[in-house]
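Visitor: Chain residues, written in single-letter form:
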Amino acid sequence: MNEKMADVMVKVFIQIKPRRQTQDSVEDELEMATVRHRPEALELLEAQSKFTKKELQILYRGFKNECPSGVVNEETFKEIYSQFFPQGDSTTYAHFLFNAFDTDHNGAVSFEDFIKGLSILLRGTVQEKLNWAFNLYDINKDGYITKEEMLDIMKAIYDMMGKCTYPVLKEDAPRQHVETFFQKMDKNKDGVVTIDEFIESCQKDENIMRSMQLFENVI
Amino acid sequence: MAAGVATWLPFARAAAVGWLPLAQQPLPPAPGVKASRGDEVLVVNVSGRRFETWKNTLDRYPDTLLGSSEKEFFYDADSGEYFFDRDPDMFRHVLNFYRTGRLHCPRQECIQAFDEELAFYGLVPELVGDCCLEEYRDRKKENAERLAEDEEAEQAGDGPALPAGSSLRQRLWRAFENPHTSTAALVFYYVTGFFIAVSVIANVVETIPCRGPARRPPREQPCGDRFPLAFFCMDTACVLIFTGEYLLRLFAAPSRCRFLRSVMSLIDVVAILPYYIGLFVPKNEDVSGAFVTLRVFRVFRIFKFSRHSQGLRILGYTLKSCASELGFLLFSLTMAIIIFATVMFYAEKGTNKTNFTSIPAAFWYTIVTMTTLGYGDMVPSTIAGKIFGSICSLSGVLVIALPVPVIVSNFSRIYHQNQRADKRRAQQKVRLARIRLAKSGTTNAFLQYKQNGGLEDSSSVDEQALCIRNRSAFEQQHHHLLHCLEKTTCHEFTDELTFSEAVGADSLGGRTSRSTSVSSQPAGPGSLLSSCCPRRAKRRAIRLANSTASVSRGSMQELDTLAGLRRSPAPQSRSSLNAKPHDCLDLNCDSRDFVAAIISIPTPPANTPDESQPSSPGDGGGASSTLRNSSLGTPCLLPETVKISSLLPPDF
Chain A
1 MNEKMADVMV KVFIQIKPRR QTQDSVEDEL EMATVRHRPE ALELLEAQSK
51 FTKKELQILY RGFKNECPSG VVNEETFKEI YSQFFPQGDS TTYAHFLFNA
101 FDTDHNGAVS FEDFIKGLSI LLRGTVQEKL NWAFNLYDIN KDGYITKEEM
151 LDIMKAIYDM MGKCTYPVLK EDAPRQHVET FFQKMDKNKD GVVTIDEFIE
201 SCQKDENIMR SMQLFENVI
Chain B
1 MAAGVATWLP FARAAAVGWL PLAQQPLPPA PGVKASRGDE VLVVNVSGRR
51 FETWKNTLDR YPDTLLGSSE KEFFYDADSG EYFFDRDPDM FRHVLNFYRT
101 GRLHCPRQEC IQAFDEELAF YGLVPELVGD CCLEEYRDRK KENAERLAED
151 EEAEQAGDGP ALPAGSSLRQ RLWRAFENPH TSTAALVFYY VTGFFIAVSV
201 IANVVETIPC RGPARRPPRE QPCGDRFPLA FFCMDTACVL IFTGEYLLRL
251 FAAPSRCRFL RSVMSLIDVV AILPYYIGLF VPKNEDVSGA FVTLRVFRVF
301 RIFKFSRHSQ GLRILGYTLK SCASELGFLL FSLTMAIIIF ATVMFYAEKG
351 TNKTNFTSIP AAFWYTIVTM TTLGYGDMVP STIAGKIFGS ICSLSGVLVI
401 ALPVPVIVSN FSRIYHQNQR ADKRRAQQKV RLARIRLAKS GTTNAFLQYK
451 QNGGLEDSSS VDEQALCIRN RSAFEQQHHH LLHCLEKTTC HEFTDELTFS
501 EAVGADSLGG RTSRSTSVSS QPAGPGSLLS SCCPRRAKRR AIRLANSTAS
551 VSRGSMQELD TLAGLRRSPA PQSRSSLNAK PHDCLDLNCD SRDFVAAIIS
601 IPTPPANTPD ESQPSSPGDG GGASSTLRNS SLGTPCLLPE TVKISSLLPP
651 DF
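Chains as they are written, first to last, in full-length UniProt numbering: chain A, 1 to 219; chain B, 1 to 652.
It is worth saying that the hints were derived from the structure and are not from the lab. Owing to the predicted nature of the structure, the values given are computational and were not obtained by experimental measurement. From the three backbone atoms N, C-alpha and C, an ideal C-beta is built for every residue, glycine too. It is possible that some hints are incorrect.
[What the hints assert, rightly or not] From the derived model, a few chain B residues whose C-beta atoms are all more than 10 Å from chain A:
no.: 1; residue: 93
no.: 2; residue: 136
no.: 3; residue: 229
no.: 4; residue: 254
[Stated by the list, open to error] List time: in silico EDC-like cross-link candidates among lysine to aspartate or glutamate, alpha-carbon distance up to 20 Å:
no.: 5; chain 1: A; residue 1: 64; chain 2: B; residue 2: 40
no.: 6; chain 1: A; residue 1: 54; chain 2: B; residue 2: 59
no.: 7; chain 1: A; residue 1: 147; chain 2: A; residue 2: 179
no.: 8; chain 1: A; residue 1: 184; chain 2: A; residue 2: 200
no.: 9; chain 1: B; residue 1: 439; chain 2: A; residue 2: 159
no.: 10; chain 1: B; residue 1: 55; chain 2: B; residue 2: 40
no.: 11; chain 1: A; residue 1: 163; chain 2: B; residue 2: 501
no.: 12; chain 1: A; residue 1: 170; chain 2: B; residue 2: 501
no.: 13; chain 1: A; residue 1: 54; chain 2: B; residue 2: 40
no.: 14; chain 1: B; residue 1: 439; chain 2: A; residue 2: 89
no.: 15; chain 1: A; residue 1: 187; chain 2: A; residue 2: 142
no.: 16; chain 1: A; residue 1: 184; chain 2: A; residue 2: 197
For reference, chain A alone in the conformation it holds in the complex (with noise of 0.2 Å):
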C-alpha cells in the first residue's frame, strides 16, 4: 500500500518526459557505437596483394591489436606516424600519407586499404611504386603534380626534421628542394609533372632506382 502511494505521489509532483529518439538519431547511435569491420576472408587477400597467408596474418594480428575496431582514422593516424619522428611535426605529411593510403576516401584506413598499400609499397614493381610515389604527390589527384603541390609536400617532409638540424634548416629550404626536383623532372618545362614525365626521368636516376630495393625486406 505504501508502495502504491510512493508511486502515485512520485507520478504527480515529478514528471518524467520521456525523451523523443527520433529514427535516425536512434540508428546513429547505434551506428557509432558498432563502427565494426570486417576485412575479406584470408584467401581473398591473398590473392588480391603479394603478401604470403603467415605474413597477412602477422600483419593482421597486430593491426587488430591497435584498432579493434578494425580500422584507422585520420587522427590515431597522425598520432602513430608522429611517435616515429619526436623531433619534428608530421602532421602533415601523415594526412596526405593517410590519403595516399585511403584509396577509396571514407575517411578510414581498412585493413584492405593498409594492405593494398602495403603491397605495393613492399612487393609491387618498380613501376607500381613509382605510380604510388606520384599518387602521393599529387594532392588533388589529377595527374599533375604543380609547384605548390610539391612545395607542400615538401614543407610536410622537411617540417619532420623539427628545429634542431644540422645545417640550420633555413626558410627556402624547401622550395629550393622543390626547384631541383622539377629541374629534374619536368622535362618540357611546363610547370606540372605527369606521371610520364616522372617515372621516365625517376628510371634514367641511378640512385633512384638502387634505392628502390631498399625495403623489400620489411616485413
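For this one, chain A is given, so just place chain B on it according to the hints.
Guide: Using the frame of chain A, we list chain B on its own:
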C-alpha cells in the same frame, strides 16, 4: 616508445618509399634482418604454469625483461621454454600488460609483492593503467605510512641523532619540539602543562563565591576578592613560567620571524599580555572596566594545550579547511533569522507590553526557536505570531539539520580531494616528464647511434661496435628510417646544444662554421674520446678547420646497451668543415683502443668558403660539410661525404 608502435614500424618504413624520388642523396642501405623470423609462439613457464604467447607480443616493449634479450638468461634448452621461478598469479597481470598495453593492479594481492614482481620484470610502476592507478597509489601510501609509523615508534626511544657540533640553540629547539628526546625536555613539557592547568583552574575558581569569615555582613564575594594575594601570587608564578618559556622558544627558533608569526606564539603572547598590562595600568575606576575585559583573555591559556595535544591541532585544521561550508551554514541561518524576526516583529507589533520591541530584539527569539531551545523568555501572543512562530521552529529544524551532514560529508570529501589533487599534480608532472624522457630518449638514441658510427657502411659485421650490433631489430630499423629522412632532406638531426651553437655561429657571420668546444660526458667514469676518420685521403697538415671532441662511450655503452638502458648522451659539439675532399687527412684508423684524450686544436682561420648548404650528389665530390665521429676505425663510407675528424694518432 608507446605500446604497439613496433607494430606500425613496418608500415612507416614502407611509406618511406614516398621519399625516394625526392632524396638528393642516396639513401642508406637497410639493416640486415637476421634470419627472417616468422612469428612464433613462445612458452613461458612460471612455477609450473605455462603461458603461451606470440613472440611479437613480448617484443612490443623492448625495455623490459621479457621484451629484450634478458629473457634468454631464463631459457631452458631442454624443455624449449622460458622458466621463471616467480608467482604465477602475478605473472598473469604482467603478461596482460604486454597484450593490452595496460597494467592492472590485482585487488587481492599485497602491494609490496606486486611491486617486487614489477621490479623483477622491468616494469616501472608508472605503467599502471589509469583505472587502477589511484588505488595502487593509495595502497602504496598506506603501506608506506604504516611502515613509517612503525619506524617512528621504534625510534621514539632513541630520537633522531643530532649532528655533533649542534649549537645550544638547535638542541634547545629540538627539546621544545620533541619532548621525548631528553628527560629535561620531558620534565619541562609536563611542568608547563601543569602550570597551564593550574592557571586555568585558578581563573575559574577565583570567580566562585566563598563565604566570608565574619557572618555579620553575610556577603558572598568571589574567592578572588577574598584571597587576592594568593591568587595574585599564583597568577604571577604562572605568567613568569609562560614568559620564560616564550622567551626561550624565541631564542631557540631557527627562524624568528616565522616563529613570531605562528599561531602558537600569538596565543602565548595573548595569554601573558593581560597580566603585564594589568601591572602597568593604574588601578582607577575608569580603566578597571577595560582591565576586567582583559582578564577574559587569560582563558586563551587553554589553547596552549594544543601543543600538548595532537587532536586539538587536527580539529583546528579541520575547521580551517571546512571554512566555506561553515560560512554557507552561517549565511543561510542569518537569512532565515532575519526573515523570521521581521515577520514576528510585525506580527506582534500591535500587542502592548510585548517583548518584541524591535527586529533585532526578535532575533533572539528567532534563534532560540530555530535551534529548538525555547527558553520561553519571549513568546508571541497574537494568533498570527503563534502561527509564524510554529513555522519558524519547524523550518529551524530543517535549516539546521540539512547543512550539517552536508558539512560533514563535505569535510571528508574535501579532505580526501585535497590529497588527491596533490597526488594528481605530482602524477601529471611525472607523466609529462616520462613523455619528454621517452621522446628525448628516442632522439638521443638515434644521435648516439650516429656517433657510434652506426650510419657507416661497414663491410663486415665484426667491425661494427658491439653496442651497435646489439641493438634490437626495432631500433635498427627505426634508426634506418630516420637516416633515410636525413638523406632525403640533406639535413641532419642534432641535439639542442649543437643547434644553438650553430645558430649562434651563424649569427656571428663571417667564419660561421666554427664551433669549438670540448665536450665531456658529465658523469661517465673515464670519458673516452676516440674518433677517427674513416676515409683515406692525402695527408694535409693543419688543414683541420676545427676540432671536435666527441665522446664515445666505449665499454660503458656496451654494457648499458646490453642491459637495455638508455641514457641521454653528453652534449656533443660538431663543427662543419670547409675542407675539400682532397684536403682530408689521411689518418691511421686501425687502432681500436679506447684511449681517452680530449683534444682541442686551435682553429686556424678558414679560408675556404663555408659550405653550409650540402650539394647534391650529382656534383660528385661536393663536400658536405658535416663531421662524423665514430668510435671505431671503420674503413670508409659513402663516397660523396667527407669525413674529417680529429684523432690522436701517436705521431700527431
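Visitor: Would you pick out the hints that fail for this structure and give their numbers low to high?
Guide: none
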